Structures are given as structure tokens and as C-alpha cells.
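Residue numbers (our numbering), protein chains in the order written: chain X, 1 to 341; chain H, 342 to 682; chain F, 683 to 1023.
Keep in mind the hints are simulated off the structure, nothing from the lab.
Accuracy of the hints is not assured; some may be wrong.
As the list claims (entries may be wrong) - So these bits of chain H aren't anywhere near chain F, every CB distance computed over 10 angstroms:
no. : residue
1   : Asp416
2   : Arg420
3   : Gln442
4   : Met448
5   : Gly487
6   : Asp580
7   : Ala634
8   : Arg646
What the hints assert, rightly or not - Here are some chain H residues pointing at chain X (derived, C-beta under 8 angstroms):
no. : residue
9   : Ala343
10  : Asp344
11  : Ala381
12  : Ala441
13  : Ser492
14  : Gly509
15  : Ala604
Keep in mind that this is a model prediction, so the values were computed, not measured.
Idealized CB from N, CA, C, for every residue including glycine.
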Amino acid sequence: MADPRFHDRKGPFSLGELAERTGAELAEGAEPARSLVDVAPLETAGADDLSFLDNKRYVEAFAASKAGGCVVHPDFVARAPEGMALLVTKEPYRAYALAAQAYYPPMIPPSGISPDASVDEDARIGGGCCIEAGAVVQANAEIGAGCWIGSNAVIARGVVLGAQSIVGANASIYNSLIGERCRIYPGARLGQDGFGFAPDPTEHLKIPQLGRVIVGDDVEIGANATIDRGAGPDTIIGDRCMIDNLVQIAHNVELGPGCVIAALAGIAGSTKFQNYVFIGGQVGVAGHLRIGAGVRVAAQSGVIRNVEPGVTVGGSPALPIREWHRQTVAISRLTKTGDKK
Amino acid sequence: MADPRFHDRKGPFSLGELAERTGAELAEGAEPARSLVDVAPLETAGADDLSFLDNKRYVEAFAASKAGGCVVHPDFVARAPEGMALLVTKEPYRAYALAAQAYYPPMIPPSGISPDASVDEDARIGGGCCIEAGAVVQANAEIGAGCWIGSNAVIARGVVLGAQSIVGANASIYNSLIGERCRIYPGARLGQDGFGFAPDPTEHLKIPQLGRVIVGDDVEIGANATIDRGAGPDTIIGDRCMIDNLVQIAHNVELGPGCVIAALAGIAGSTKFQNYVFIGGQVGVAGHLRIGAGVRVAAQSGVIRNVEPGVTVGGSPALPIREWHRQTVAISRLTKTGDKK
Amino acid sequence: MADPRFHDRKGPFSLGELAERTGAELAEGAEPARSLVDVAPLETAGADDLSFLDNKRYVEAFAASKAGGCVVHPDFVARAPEGMALLVTKEPYRAYALAAQAYYPPMIPPSGISPDASVDEDARIGGGCCIEAGAVVQANAEIGAGCWIGSNAVIARGVVLGAQSIVGANASIYNSLIGERCRIYPGARLGQDGFGFAPDPTEHLKIPQLGRVIVGDDVEIGANATIDRGAGPDTIIGDRCMIDNLVQIAHNVELGPGCVIAALAGIAGSTKFQNYVFIGGQVGVAGHLRIGAGVRVAAQSGVIRNVEPGVTVGGSPALPIREWHRQTVAISRLTKTGDKK
Chain X
1 MADPRFHDRK GPFSLGELAE RTGAELAEGA EPARSLVDVA PLETAGADDL SFLDNKRYVE
61 AFAASKAGGC VVHPDFVARA PEGMALLVTK EPYRAYALAA QAYYPPMIPP SGISPDASVD
121 EDARIGGGCC IEAGAVVQAN AEIGAGCWIG SNAVIARGVV LGAQSIVGAN ASIYNSLIGE
181 RCRIYPGARL GQDGFGFAPD PTEHLKIPQL GRVIVGDDVE IGANATIDRG AGPDTIIGDR
241 CMIDNLVQIA HNVELGPGCV IAALAGIAGS TKFQNYVFIG GQVGVAGHLR IGAGVRVAAQ
301 SGVIRNVEPG VTVGGSPALP IREWHRQTVA ISRLTKTGDK K
Chain H
342 MADPRFHDRK GPFSLGELAE RTGAELAEGA EPARSLVDVA PLETAGADDL SFLDNKRYVE
402 AFAASKAGGC VVHPDFVARA PEGMALLVTK EPYRAYALAA QAYYPPMIPP SGISPDASVD
462 EDARIGGGCC IEAGAVVQAN AEIGAGCWIG SNAVIARGVV LGAQSIVGAN ASIYNSLIGE
522 RCRIYPGARL GQDGFGFAPD PTEHLKIPQL GRVIVGDDVE IGANATIDRG AGPDTIIGDR
582 CMIDNLVQIA HNVELGPGCV IAALAGIAGS TKFQNYVFIG GQVGVAGHLR IGAGVRVAAQ
642 SGVIRNVEPG VTVGGSPALP IREWHRQTVA ISRLTKTGDK K
Chain F
683 MADPRFHDRK GPFSLGELAE RTGAELAEGA EPARSLVDVA PLETAGADDL SFLDNKRYVE
743 AFAASKAGGC VVHPDFVARA PEGMALLVTK EPYRAYALAA QAYYPPMIPP SGISPDASVD
803 EDARIGGGCC IEAGAVVQAN AEIGAGCWIG SNAVIARGVV LGAQSIVGAN ASIYNSLIGE
863 RCRIYPGARL GQDGFGFAPD PTEHLKIPQL GRVIVGDDVE IGANATIDRG AGPDTIIGDR
923 CMIDNLVQIA HNVELGPGCV IAALAGIAGS TKFQNYVFIG GQVGVAGHLR IGAGVRVAAQ
983 SGVIRNVEPG VTVGGSPALP IREWHRQTVA ISRLTKTGDK K
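Okay, chain X solo, but in the shape it has when bound (with noise of 0.2 angstroms):
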């Protein structure tokens, strides 16, 4: 189990509650009144446990398991041993997290200003709000009801942050509309001056950063990412965009909503991205640049020019996916050659 330190289940659950929560079918022998007390990884569950199989890479770790219930797709259900009770669906993942989100709820502290935290009188406080030991609240600043602002995090003056945000320890925000429900993660940076300035080998002479930043709703916005307040157009994050750890985004880039960016990537100035766009690990995309709906684009790749919406790139610079992979294997078909001479 989750170690409780750290977490407090809910449940347990019967394989009945727990099909109806998720959407999946009880497989035939599945007993609807039998409980499930909790969820683990298909190598540690027990007979009260109720794990998932989404990646087939772990099949035979599935073949093996000893949970007592498991969410899997229907092509493995052969695979499954013995007595297992199976919740059968075609998204064995999204139906895994709505189990997982009934026994392990988020867990809110409890509401109050800590006497330690340092709220401006001209701040505005939503209700049941937890403000943590150590976290500023500036001139101005607007929090919605039913936040929590970590230990040690600032809202600068004039932020707004909407209802049931969390904003993490450390974790700073300037300049910046946020929406509801967001989970900005310690040390991610907000709002603070774009990169802009005109270069100059005696003198750059800095653009004022007259923008802001734009958070829709649902967003989350990883650990140490940054994200630049626009120039004088705003940065603009559209709703339910999912930013991963020390991801950088710069001023006036704009992102449609349910975008996905994996760490460590970057995103240049003024491009704007549709909504569902998935750039993997490292990438980079230059700037001024239009990604359109649904592209995908792979980890370290980069990304140099407008992309039609659907088409999926990779390599730098990239190129429509299956144009790469026929470069790397003409590469390495250069040496196999140069090793029969």
C-alpha cells in the first residue's frame, strides 16, 4: 500500500463499484460483491489488490501477478492467471486512474493561514484556502477559494489565481491570470521578463516585457519549469495542458488547449501551438513557428518549421516520422557498407 506517511486510502471497493467507476466490464467469474481494499504495480499486489496491465512490455509480469483484480484490455485476457478477477475495457490506463483516484483522493491539508506565511492586507483570500508556513502573498493578489499555496512559494502583486489551485513549495508567480483547478509544481517559475532585448556588442538594450501569463483551466506546470510573460501579446496556456518538469516555455508562445510537453524541452518565442499537441523529452521548436492540432513530435527532436496538423516529426531538424527513420537506416547502411570494403 501507498506508505501512509505520505497518503490515506479510501475503500475498499467492490469489483462491482469498481466497474461502475471505471467504465470496464467484470470478465465472467469476476464475483461483483467481492472487495478490493487497495491498488499496487502487478509485481507487488496481493489477493486484496487491484493493479492494471496498459503496456504490453508487461505481460508476462501480468501472467505472473498475484492481484486479486486487474484492469486490462481485452487482448490480454487470455493471459491472465488464475483467479484473477478482471475489469476488461479498451483504456485499461484512464480506467486504472479513476480506481486509483477512489482510493487515493488528492489530499488537501487542511484550511488556514499559517501564522509563518506572509499575506499583503491588499490581498484578496478566497475561501478555505491552506496557506503554508513561509509562502508571500503580495499587494493585490487574488486567490480563489479553496487553494493551497505551499510553504515558501510567492504570488506576486496583482496575480490571480483561480478556485482549488495548488501552487507547490518554492514556486513563483508573477504577472500572471491563472485559471481553476491548475497544480503549479515547486519551483516552477511564472511570469517573469521574456528574453527580449535588442543585441548589441557594446550594450543589449533591453524590450520591456509588458505581457503576462495566461493559465486556462486544469493545467499543470512541472517541477523548476518556467514560462515567460509575453512582450506585449501575453503567453497564453490553454486549458488541461500537461507541462513536465524544467520545461521552458518563452514569451508570447501560445498553447491550445490539452497540449502535453515532456521535460526538459523548449518552446521559442511567438509559436503558437493548436490544441493536443504532444512534444516528447528534449525537444526543441524554434520560434515564430505554427504547430497544428494533434502533431506529435519525438523526444530531442527540433523542430524548425510550421507543421500541418496530424503530422507526426522527429530529428533535427525534423522531419515527417517516417522520412527520419529512412534517414537513419540510409546512415547506418553507410558504415555496413564501408566495413564489407
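Based on these hints, arrange chains H and F on the given structure of chain X.
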């Protein structure tokens, strides 16, 4: 206009005054006494706003703009919409910077030490400083006049910070001597131990890191960037360097004046740059190299050899840029030949 | 000498004592009773200083050095300037580490809890700890004896920190069990949620992240590095691992003992390293891989397949290093042929 929650605007300024401040020439038909009240992007500017055109990608937006005035290169004057007052200059971005600085000079909060800051009695604080809530200034630190230390920033023992420098929220500075008018952004880390050790399978043996970080005047260090102190020599950042977010500068690195390093780049230990080197995003530069004045490195490149002054390089491993481009073309031909087979 | 604002020096030490501490042999002519007062780089060392030569790039500096003593490999003894006392060893960097540690043992501030720290009454704090101003220790955290918690660091509820560990300024630790003698550098982020969700165009569904971060003894975690907690299993960092600045370690990753990971590298979820793996700067390692003992990965490489123990790889996608070098040569020949046409 810029959101008044975050920015205070000065002005209005007449076209004549703007021409004088920026060094641009008023084009025919621009009335020197006409007054402009704000700056704005081409797309959103109105009759009372000054805008600018610096990138030919945006010529159409320029031609369609409703901006009352615009800073523009002589080459694009003919594309201006009727009635737009033009400030003509061969350096439009630089001229716009000066104009925007007039409308929006840097905002510095009123001086004073917050009762919620922690300033050691043996620290020396110059006149007119603003030290915000949660900031910590340790023993024997010296803060010059007019500095702004943001909330929850940490200035560790013995650190020297020159006059009018700004340290953003949650930044930390150890073992460093910093010049005047520097801007250290939120979460930047200066002066921690370099990554120096004698590797060994049974015990990596740490090398005491005995140098400092020496930062010149007018330097900008981005959010969550990291600059380790020297191992024996110092790590040196020259005057006017511009370092973007999430950049890593290892121990003993020396940057000459005016270098520009884009986000997520890393410079390995003991490498020395002459002045005005430009490093693209996600570039890696290996250790113990010499990089000449005016060198430019394309984004995502990996530099593993010394580079002579004035040379532009790209690729990983990095080559002179034209050679790299030829390689990219040659590789793309490999698969085109393959297709014909 | 090291700046006395930042370092306290011990000594002097005689050559005989230094030989004993380092395991090096005194070369002919080196007088065991001769005393050296400090360590210094070859270029700046004087007659009372000990220096070292570890990299053949610096043989000229060695030959011209005025250092009174020098730790050196037998191969370079003949290049020593006259009168320099030599400490000869096949592991000069290691021997220098031991000598420098004698002159400059780690500085730990005096113990005590700052009145400006915030320590929950339900936290347990071992003897002899230094907890600086602004540090926050939450409920049920356990801090071992002799720890140093830097200013504005956050030790969240339930976290365990072993004896004599150091947590730098503004670092944050959640959901983690940390060993003894660890060094967590400023701004490092441990134990926040992993990047786990079931992607969906209308709603990414978050997977509760129920594991912890388990860190062994003598581990170093660099400034602004990020280590996410496990999704169900734990994220595990073995004893003696050295992790540089701005490294990303995703959920469920396991690193065996003694691994070294250079700056800006990222390790994706559920990948497992055996012991003593070396990862270069800006490397990406894909998820769900097994990387064998002693593997080395060249900087900027992208590892997308399992790697057998002892193999060195490079390139993106990564190949055995000799094959990668052959490809680099073959590609460069493509354009040389092109030039001749």
C-alpha cells in the same frame, strides 16, 4: 495597454520626442507634435499606439495595422498603411526598445526592509534597498544601494551584490561577487558546489570547490539557471552577458563580455568564451574549450572542439554552419535515391 | 587562497603528512618536512602551495608552474619544473581530492534552529542540526542528527532525512526517505507528482502517484534537479549517485549505486540502471529500459534501447560508440564527395 495590475505607464510622448529618444527619423507626413500614449503589437495597436516591425514575417500584419505610429526599417516604408506615422531607422528593434523603455521604465517597489525578511545583523545593506518578505540575507553579505531582493530569495554569507541589482523570488546566491545593475531572475542558483569529484566505483571522492562566481555589471541570469562556483579558479560571467532560463554553467567557465546564451544550453567545466558569443537553445559545449569572439552556435548543437573567432557552427558534433547544412542536404538525398530504387 | 569570506583553511601540512593522507609517493628531492600552506591551480600557485596535474591539456601549465608541490602521474614527472616537490601517484585527481579536503574540510554552520525558521511541533529534529532562517519543516518530518537545512528550504510532512545530510537553500522535499550524508543542492525538487496521466483530447486523467523517492547514502543531487516520486513503485536513487544540476529523473526510475548523471540529462519513467552508469550532459534515456552496469553514454545522446553492461554508446538514437563514430565519418565523406563533383 499593459495590464495596470502589473505595469505603470508614463507618457504620452510626441512623435518628435520619440524620434529624439530613439534616434529614428520621422518620415514624411509624420507630424512631430502628434502624441502617442502607448506601445502595442501590430495586430492590436490603435490610433494612439506606437508599434514596430522588426521581422519580415510580420510585414502583412504591418500593412494591415491600425497603429498610429510605427518604428520601421527603410526597406518596409512603402508597405505602410495610409496615415501611419513612421519612425524610420536601420535598427527598428533597438529604437523600439528605447521607446518602450520611455513608456514603461522598470518598476522597482518602494524601499524598505519587510518585517518578514530575515537580515543578519552582520550584513551590510546599502541605502534605498527593497528587501521583501521572506528574503534572507546572511552574515557578512554586502548589498549595494538601491537593490531589490525578492521574496524568499537567499543571499548567503559573504556574498557581495552591486548597486541597483535585482534578485528575483526564491533565487539563491552563495560564494559570489555580483556587479551592479544585474538582474538575477527567480529561482536562479549561483555559487553552489561545482560537479567535481574523482570517480571511483566504490567511492566518488569530492574535490573541494574553492573558487567563487564572479559576475560583472549589467548581467542578466534567467529563471532557474544554475551557475556553479569555481573549483579553484573562479567561474566568471563578463559584463552585459545575457543568460536565459534553465541554462547550466559549470565550474571554472569564463564568459567574456556581452555573451548571449539561450535556454536549456549547458557549458561544461573550464571552457572559456571570448566576448559576444551567441549560443542557441539546448546547445551543449564540452569542457576545457576556447570559443572565440563573435562565435555563433545554432540551437541543439554540440560543440566538442575549439572554435575560432567569428565562426558560426551547427550540428552535433558541431561543424562550420555551411558544412553542416551540406551534410543535412546530403543525408536527405540518401533517402531520395533510396526511393527511386 | 580561497576567499576567506567563503572558506576556512586548515593546515599547513608537511609533504610527509600529505603523502600519507593521499597515498602518493614523494619523488626524489622532495623534503618530507617541508610545509605547504594551501592548494591552488597550476597557473596561480606559489612556493607554499600544492597543485595538481590531471589532464594532459595542462602539461604546459604544469611545466611553467611556480607551485611548491604538485600531485602528478608518474608519466609527467619528467616535465616538472626544477625545485617543485612531487607527490607521485597513478590517481592524481583522487590524491588531490584528499589533500584539498584536508585544507578545506566542509564548512557546516553552527548548530541551532533559527527563530525565523518554521518547524512544526510534530517534527522530530536530531541533535546538532542547523536549521536556517526561512526553512520550513512540516509535521511528522524526521531530521537526523547533524543535518543542515538551508534558508527557505522545505521539508514536507513525513519526509525522513538521514544524519549529516545537507539541504540547500530553496530546495523542497516531499514524499521522500533520504539517506545519510546526502547533499541536496539549492532548488532541487524531490518527491512531487510524477507526470502520469491517461491522455485524452477532452480530459487528461491523472493517475495518483502513490510511490516515494528513496535516496541512499552519500548521494549528491544538483541545483534545480527534479526527481519525481514513483507512481506505485518507488523512484530509487542508489548510494553514492552523483546527479548534476538541472537533471530530470521521472517516476519509477531506479539508479543503482554510484551512477553519475551530468547536467540537463533526462531519464524517462520506469527505466532501471545497474551500478556505476555514466550519463553525459543533455542525454535523454527513454522509458522502461534496462541499462547495464558500467555503461557510458556520450553527451547529447538519445538512448532508446536496453544497453548491455560495460558498453559505451553515443548518438541519437544511440549506438555503440565506435559505430557512431564511423557514421559521423561516413556522413562527413558524403559532402566531401559532393565537393568534388
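Here is how each hint holds up against the structure:
At roughly 34 angstroms from the closest C-beta of chain F, the C-beta of Asp416 (chain H) stays outside 10 angstroms, upholding its exclusion from the interface. No Cβ of chain F comes within 10 angstroms of the Cβ of Arg420 (chain H); the nearest lies about 39 angstroms off, and the non-interface call holds. At the 10 angstroms boundary, the C-beta of Gln442 (chain H) stays outside the reach of chain F, the nearest C-beta of that chain being 31 angstroms off. With a least beta-carbon separation of about 24 angstroms from chain F, Met448 (chain H) lies farther than 10 angstroms from that chain, consistent with its non-interface assignment.
Every beta carbon of chain F lies more than 10 angstroms from that of Gly487 (chain H), the smallest distance being close to 22 angstroms; the non-interface claim holds. Every beta carbon of chain F lies more than 10 angstroms from that of Asp580 (chain H), the smallest distance being close to 21 angstroms; the non-interface claim holds. Listed as outside the interface, Ala634 (chain H) is consistent with that label: its C-beta sits roughly 21 angstroms from the nearest C-beta of chain F, beyond the 10 angstroms cut-off. Taking the minimum C-beta to C-beta distance to chain F, about 13 angstroms, the non-interface status of Arg646 (chain H) holds against the 10 angstroms cut.
Using the Cβ-Cβ criterion of 8 angstroms, the hint placing Ala343 (chain H) at the interface with chain X is satisfied: the shortest such distance is roughly 4 angstroms. The beta carbon of Asp344 (chain H) is positioned within 8 angstroms of a beta carbon in chain X (closest approach about 6 angstroms), and the interface hint is therefore held. Hint status for Ala381 (chain H) relative to chain X: holds, with the closest Cβ pair at about 6 angstroms, below 8 angstroms. The beta carbon of Ala441 (chain H) is positioned within 8 angstroms of a beta carbon in chain X (closest approach about 5 angstroms), and the interface hint is therefore held.
For Ser492 (chain H), the interface hint holds, since its Cβ comes within 8 angstroms of a Cβ in chain X; the closest pair sits about 4 angstroms apart. Look at Gly509 (chain H): its Cβ gets to within about 6 angstroms of chain X, closer than 8 angstroms, so that hint holds up. The beta carbon of Ala604 (chain H) is positioned within 8 angstroms of a beta carbon in chain X (closest approach about 4 angstroms), and the interface hint is therefore held.
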